[in-house]
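Asks: Please build the complex by placing chain A on the supplied structure of chain S, with the hints as guidance.
There are 2 protein chains.
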Amino acid sequence: MTVTRRTFLMQLAATSGYTAAAAAMTTLGLGAPTIASATGQTPPLQLAPGSGKGVKVLVLGAGIAGLVSAYELRKAGYQVQLIEARDRVGGRNWTIRNGTRIELNDGTTQVADFEPGHYFNAGPARLPSHHQTILGYCREFGVELEAEVNTSRSAYFLPDAAKGGQPIQLRRAVNDARGHVSELLARAASKGALDQELSADDRARLVEFLKVYGDLTANAEYKGSERSGYKVYPGAAEKVGERNEPLPLEALLDPDLWTALIFDELLIFQPTMLQPVGGMDRIPHAFHERLKDVARLNTEVKAIRNKDKGVDVVVRDRASGKQQTLSADYAIVTFPLPVLAQVETNFAPDVQQAISGVHYDTASKIAWQSRRFWETEAQIYGGISVVKAETALIWYPSGGFHKKTGVVVGCYNIGQAARDFTVQPLSAQFAVSRGVIDRVHPGRGAELKNPVSVAWHKVPYSLGSWVHWVTPAEKEYTRLNQPEGRVHFAGEYLSQIGAWQEGAALSAHHAIAAIARRVAA
Amino acid sequence: MTVTRRTFLMQLAATSGYTAAAAAMTTLGLGAPTIASATGQTPPLQLAPGSGKGVKVLVLGAGIAGLVSAYELRKAGYQVQLIEARDRVGGRNWTIRNGTRIELNDGTTQVADFEPGHYFNAGPARLPSHHQTILGYCREFGVELEAEVNTSRSAYFLPDAAKGGQPIQLRRAVNDARGHVSELLARAASKGALDQELSADDRARLVEFLKVYGDLTANAEYKGSERSGYKVYPGAAEKVGERNEPLPLEALLDPDLWTALIFDELLIFQPTMLQPVGGMDRIPHAFHERLKDVARLNTEVKAIRNKDKGVDVVVRDRASGKQQTLSADYAIVTFPLPVLAQVETNFAPDVQQAISGVHYDTASKIAWQSRRFWETEAQIYGGISVVKAETALIWYPSGGFHKKTGVVVGCYNIGQAARDFTVQPLSAQFAVSRGVIDRVHPGRGAELKNPVSVAWHKVPYSLGSWVHWVTPAEKEYTRLNQPEGRVHFAGEYLSQIGAWQEGAALSAHHAIAAIARRVAA
Chain S
1 MTVTRRTFLM QLAATSGYTA AAAAMTTLGL GAPTIASATG QTPPLQLAPG
51 SGKGVKVLVL GAGIAGLVSA YELRKAGYQV QLIEARDRVG GRNWTIRNGT
101 RIELNDGTTQ VADFEPGHYF NAGPARLPSH HQTILGYCRE FGVELEAEVN
151 TSRSAYFLPD AAKGGQPIQL RRAVNDARGH VSELLARAAS KGALDQELSA
201 DDRARLVEFL KVYGDLTANA EYKGSERSGY KVYPGAAEKV GERNEPLPLE
251 ALLDPDLWTA LIFDELLIFQ PTMLQPVGGM DRIPHAFHER LKDVARLNTE
301 VKAIRNKDKG VDVVVRDRAS GKQQTLSADY AIVTFPLPVL AQVETNFAPD
351 VQQAISGVHY DTASKIAWQS RRFWETEAQI YGGISVVKAE TALIWYPSGG
401 FHKKTGVVVG CYNIGQAARD FTVQPLSAQF AVSRGVIDRV HPGRGAELKN
451 PVSVAWHKVP YSLGSWVHWV TPAEKEYTRL NQPEGRVHFA GEYLSQIGAW
501 QEGAALSAHH AIAAIARRVA A
Chain A
1 MTVTRRTFLM QLAATSGYTA AAAAMTTLGL GAPTIASATG QTPPLQLAPG
51 SGKGVKVLVL GAGIAGLVSA YELRKAGYQV QLIEARDRVG GRNWTIRNGT
101 RIELNDGTTQ VADFEPGHYF NAGPARLPSH HQTILGYCRE FGVELEAEVN
151 TSRSAYFLPD AAKGGQPIQL RRAVNDARGH VSELLARAAS KGALDQELSA
201 DDRARLVEFL KVYGDLTANA EYKGSERSGY KVYPGAAEKV GERNEPLPLE
251 ALLDPDLWTA LIFDELLIFQ PTMLQPVGGM DRIPHAFHER LKDVARLNTE
301 VKAIRNKDKG VDVVVRDRAS GKQQTLSADY AIVTFPLPVL AQVETNFAPD
351 VQQAISGVHY DTASKIAWQS RRFWETEAQI YGGISVVKAE TALIWYPSGG
401 FHKKTGVVVG CYNIGQAARD FTVQPLSAQF AVSRGVIDRV HPGRGAELKN
451 PVSVAWHKVP YSLGSWVHWV TPAEKEYTRL NQPEGRVHFA GEYLSQIGAW
501 QEGAALSAHH AIAAIARRVA A
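As given, the protein sequences belong to chains S and A, one line each in that order.
Letter by letter, the first sequence follows residues 1 to 521 of full-length UniProt numbering.
Letter by letter, the second sequence follows residues 1 to 521 of full-length UniProt numbering.
What the hints contain is simulated information worked out from the structure, not anything from laboratory work.
Hints may be right or wrong, so weigh each one.
Unchecked claim - Examples of chain S residues toward chain A, derived with CB under 7 Å:
(1) R153
(2) A161
(3) S190
(4) W258
(5) S320
(6) L506
As the list claims (entries may be wrong) - Below, a list of computed lysine to any residue pairs in the SDA-like style, where the Cα atoms sit at most 25 Å apart:
(7) A:K307 / A:E250
(8) S:K191 / A:E250
(9) S:K388 / A:G136
(10) S:K404 / A:D202
Note that the Cβ used here is the ideal one computed from N, Cα and C, for glycine as well.
Looking at chain S on its own, in the form it has when it is part of the complex:
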């Protein structure tokens, strides 16, 4: 694997939350997973009703893993308390609307100033259709969903400013790339380069296939394609269209472009993707409605101590400052690791080391309110423009089409790039984002209004975005997926679907099932 390819894959992995460790994970021999569905989905968790009677569980943290844990345990009759430090549930599932305060731990405070109805999903913003656990909760709770438009062929790739290139519409990049690839392969086949691999019949079929696949001429040449769009669109009567010239092959061999060409074929980004109507936090709110009587907000966890047959948790009421020790038979800790690292515990050294030793990644997003010029002037309805710039993308809203204004995401960078970017004052970050959008949509930067930024490593009680597991981190992953005394850990970072709500929900199921087995034993 060359550096280019590795760098590329890491970039993808970070963006997609793809857990690189997955393929190398050792199984723990806890029994083969049961597969219910023909499509390979994990079956819904089934705890016997009443099976938790008389057992007390403290669930620490009301993000998705905590909400799922508390909800499922209660259904099975457990006595549950759900502890959350913030004044809201959801954790990283955070939807920002008019009036939302964003207090970062660098001392900055922002208050969102959006028109009513607008929102910005600062954390997760899409639900892949194969994430059936979290989607199953949406179904169960009646959380209304709509399509999240992750791909628009009218969106752009913006080359690096240093290379001086103009934005390239994705329909051109995607279809011209396929055209060139098809032409080259057809030519190679005709030269005998595939005579060992394919029979004469198959070679002939391959060439016919490539003509269709790449929209080649009868002579198997790529001369451009309607698929790549028009300079002048066709109209009525005699108004024929004027097609875009094909991009030269050389332009497509720029590695900067490659993410834009394939991101929507990554499993995690393939259509159909979904979103709750009105904001991603409709999901945590739906859980919260069902957990109102057991959820304690504004309550920090200061210490977690395993006892012989139970666990003590010291909590502090943020309003009064009063501390209190809660006792339970088990606890499920769903904090991000940098938050858990600040909690006093009597965990074994290897566990403490795992908690403090894993590097937590970050991500930052910027959102703007604006006239929807991307629709009226560029025919972009949702989807993503990929930009070779510090801000990484422009992400257009998937709903509210044709309304006067909308909220557009003008930055979603990750890892070190996000740390470097968010060292700057907010005003400087906003200036960069505005400038990049102005390069893709000339003259429109000036229309962007009321930006807000969320840098996840600066968000109290989050302090990061996800774990970017790499092979050496496996032992921490494995260790934290086992309980420490009466304390079980859960969170997206302990699943093979890191950084996604699906992973958080499945990890919660895993922790619950482990507790249920102990209770039953």
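Replies: Just chain A now, kept in the frame of chain S:
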């Protein structure tokens, strides 16, 4: 061009309404089109307000072309009457809901029996994002839009029953095809087959590109990809996923499959696609609200006669049977040609010949109400399964996700296939559709309920779907795009965007502009 390729393209053309004649059209020298937008869109029609004062125009037919004509002419001060034979506006833009009667001219009557809120767009069902004329009217009228999910990677390709194959999930077909193509090309490059085409540097970059593009191994081999999905999805903790095996190259060289691999890259099917919330007929209804006082429904046109300085139109009230002659300065005729062919006219022989000589295509659709098993069991949220069977596709609803039931389209065939299919009794058509759906979704055919079928050549006042222009038909296209006396023709079939509402709207603009020029002269 081999027969295979031509057949394939005709199939595509028919499905997409792509006007094959476009490239060969001769321009008429009426002046270069003005292009307003950087994205090559036709600018909105601009008639001077009051410019039509004192001029009477009869608009015949209240489909999209007629509605657009009447609406724009009125805005410019013309005295307009809009004549429509049906009891509704919209023409082929027809949304079927509970209680809708479908009376076909083969003597059958169906009454849709759907749950409230469900609908079936029997005609157009999607709006490409580059169709800015019809989308512009949606914006102007506040017709609420949502994403139409035209592609789901969880949907299937169903091979021909005679070949005995199982359904293939599209994420596998699409990504394994790309993997194999990438591997073959990388191999050819390494064998020197591209030494003449590319420099050594570019060959090396090409191979790096192909590794990303096709998800190849470090050795540039295709060993399957996560993009093609999992047999067993990954989960929490130790539960790694088990990927699907790659499909063999041979499976992908079956021409039956190729439409499924590329249809969503056809310009007309690329994301983002849109639909009005609640049904496509929200568009004609929005026009109708603004035209109530000039629209006469239930009024058939029996004769059109050019006079020296005007036009007489004989109409018949369908309720009373009473005939009446209307006079105007101009008429715009928007009927489908098979309908116009039945109207008595004094048009010149070449015009009459054009009207009666053009072959009108057809299309048929079947819709079922059902439990949404495609979501709960197959993770399909919208999109299309392509089936190598008489019914051509299964089209899943793009809205109402997670509701208990939905309406799924179980047939959308065209041309001779549709004619042959709809010769059968409805019960036989429904049995075929049910059987095909049952092959893609085993055991679920039995859950399909309350089917309705619309075969467009059997729909009174439509008598077909669109014109499938081929080169020899050019002269009729050109002739009908010119007025005959005081009569102008308009309709999607007179545009380069045949079969689409955009073409109807632009054709209406073309006819209006021609009248405006005559009035101004």
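Asks: Would you mind marking each hint as holding or not holding in the structure?
Replies: Quick rundown of the hints versus the structure:
{"no.": "1", "hint": "R153", "verdict": "holds, 4 Å"}
{"no.": "2", "hint": "A161", "verdict": "violated, 20 Å"}
{"no.": "3", "hint": "S190", "verdict": "violated, 9 Å"}
{"no.": "4", "hint": "W258", "verdict": "holds, 5 Å"}
{"no.": "5", "hint": "S320", "verdict": "violated, 37 Å"}
{"no.": "6", "hint": "L506", "verdict": "holds, 4 Å"}
{"no.": "7", "hint": "A:K307 / A:E250", "verdict": "violated, 65 Å"}
{"no.": "8", "hint": "S:K191 / A:E250", "verdict": "holds, 20 Å"}
{"no.": "9", "hint": "S:K388 / A:G136", "verdict": "violated, 32 Å"}
{"no.": "10", "hint": "S:K404 / A:D202", "verdict": "violated, 46 Å"}
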